[in-house]
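Sequences and hints are given; from them, build the entire structure.
In the order they appear, the protein sequences are chains A and B.
Quick note on this note's numbering: the first sequence kicks off at 1 and runs consecutively.
Quick note on this note's numbering: the second sequence kicks off at 1001 and runs consecutively.
Just so you know, the hints here were simulated from the structure itself, not pulled from any lab data.
Careful: at least some of the hints might be erroneous.
Quick look at which bits of chain B chain A covers, simulated, 3 or more residues with Cβ under 8 Å [what the hints assert, rightly or not]:
id	segment
1	1067-1079
2	1090-1101
One side only, chain B facing chain A, incomplete, derived with CB under 7 Å [as the list claims (entries may be wrong)]:
id	residue
3	Ala1052
4	Leu1082
5	Ala1084
6	Pro1087
7	His1129
8	Tyr1131
Predicted, not measured: the structure shown is a model, and the values here were computed from it.
Glycine included, each C-beta is placed from N, C-alpha and C at the ideal position.
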Amino acid sequence: MNRWSQPILGVLGAIALWWGATRVFGIRPLFLPAPPDIVAAFRAQPGYLLREAGATLTVTVAGFVLAVVTGLFVAVSLTAWRSLERATLPVLVALNSVPKVAVAPLLVVWLGFGSRPKIVLVLLICVFPIVVATMAGLTSTPAELGELGRSLSATGWQTYLKIRLPWALPQVFTGLKVAVSLAVIGAVVAEISQPGGGLGAVIVLSGMSFDTPLAFAAIVLLALLSTMLFYLVVALERLLVPWSRAISG
Amino acid sequence: MIRLAGVSRTFASRDGDVTALRDLDLDIAEDQFVAVVGRSGCGKSTLLRLMAGLLAPTAGTVTIDGAAVTRPRQDVVLMHQLPALLPWRTALGNVMLPVEIRRLPRAEHQARAAELLDSVGLAGFHQRHPYELSGGMQQRVALCRALIQRPRVLLMDEPFSALDALTREELATQLQAMHMSAPATTVFVTHSIPEAVLLADRVVVLSTRPGRVLRVVDVDLPRPRSFGHNAHVARAAEHIAELHDLLIEN
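Following this line, the structure appears as structure tokens:
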């Protein structure tokens, strides 16, 4: 048993169970399509589905990258000026508690049709975990490292660049892993509330025409997209902070 | 060189003010090696941080070469009980940190950093990360980082106390050799009386809180000293016994 065989067996087992259930209980594809129905739905129009998946991917990645930049900036600013944190953190928490789904139609009103309101929704939905995780990382600098910086008369900038930010990176990545999954959700929510393109729109349209296998094909693509993005972030983490696993082990 | 005159330091705590040091006087001559011993909580670490310019005295003055210490100085280095290494930097990278922060010429210090690492027995480990090094090796890297700036004053806060007994003796012996070849005024806080007697020209005994100087014991044994058997083992034992009694009675 190598480290790959177990997850692969798990996935194959789940698919087999699903397939078996549709056969044993005679479930109609309208309610729950079997895996071959979904494959058939994909093979009927692969170009269309992949194009829409590409649209969703573009919105997701654009919003996520924007959220990373914004989140890091906000977190660094809030930890650098404690009075700013005290003044704005309650506002941020309150804003974050607003259901983003409710904001989606408003964003269309404010930003018009097209990809801009979708990207902004992705940003809104995934920026908060990045801010929280980065702030936690930036405020967890060990006392002796803080004192090291002070005893070397490091400037504020130097302390951030050479000590506090690198120290925060493992926690930043914890936030990024949460955020990247939320980013896909944000993109789909935006596409459902403003159908026009993307896998979210495919799901809405297939629902209208009772084409459940097509909806499932879109959902499977979304799951693949989300998994792929998650592991991309994991790979980036291993590349940038190889020491994190070594010291927390 | 370092002079503390009437120094007191109190800290605010939930149960009111706590006086860590009260009315402490101490003179340390250039290139002298001074060990500071005392019970836990007698203000030893506070004393070092006052000299490092990381804390200001509540009363009295701390001066180095006649100038009041109001902030960290470039020629004064503090070394911690923990190695305090940056886990994402190699051993060499960690030693170079002060050079980068203080914007000193890089090339010449790079060579010096490599020499320092070699001199403490880390020749094959320049490119290793802290998590690939043992505790003793990490503390050696921290020592090199302290010495890269050629400090005139080296303040050491129980630097070897987290290490096993043998590594500890080994490092103390290495520190003695370094002090003999390139002396710097050193203030060395420790809980170990034999370590203090091995290393120090003078041992300062602090009283329990609030800390004052209870006694200064001069150790005039010839160097290099060692922990093992030697001609001066009897005199060293006398010093150790004297310091032991002072700390126990206190």
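Hints versus structure:
Under a criterion of three residues with beta carbons nearer than 8 Å to beta carbons of chain A, the stated coverage of the segment 1067-1079 of chain B is upheld, 5 such residues being counted. Beta-carbon proximity to chain A at under 8 Å applies to 4 residues in the segment 1090-1101 of chain B; the threshold of 3 is reached and the given coverage holds. Contact between B/Ala1052 and chain A, as hinted, is supported at the beta carbon level, the nearest pair being about 6 Å apart and thus within 7 Å. Taking 7 Å as the C-beta cut-off, the interface hint given for B/Leu1082 holds, the closest approach to chain A being about 5 Å.
The closest approach between the C-beta of B/Ala1084 and any C-beta of chain A is roughly 4 Å, which is under the 7 Å cut-off, so the hint is satisfied. At a threshold of 7 Å, the smallest CB-CB gap from B/Pro1087 to chain A is about 4 Å, leaving the interface hint in force. Hint status for B/His1129: holds, given a least beta-carbon distance of 6 Å to chain A, under 7 Å. Hint status for B/Tyr1131 relative to chain A: holds, with the closest Cβ pair at about 4 Å, below 7 Å.
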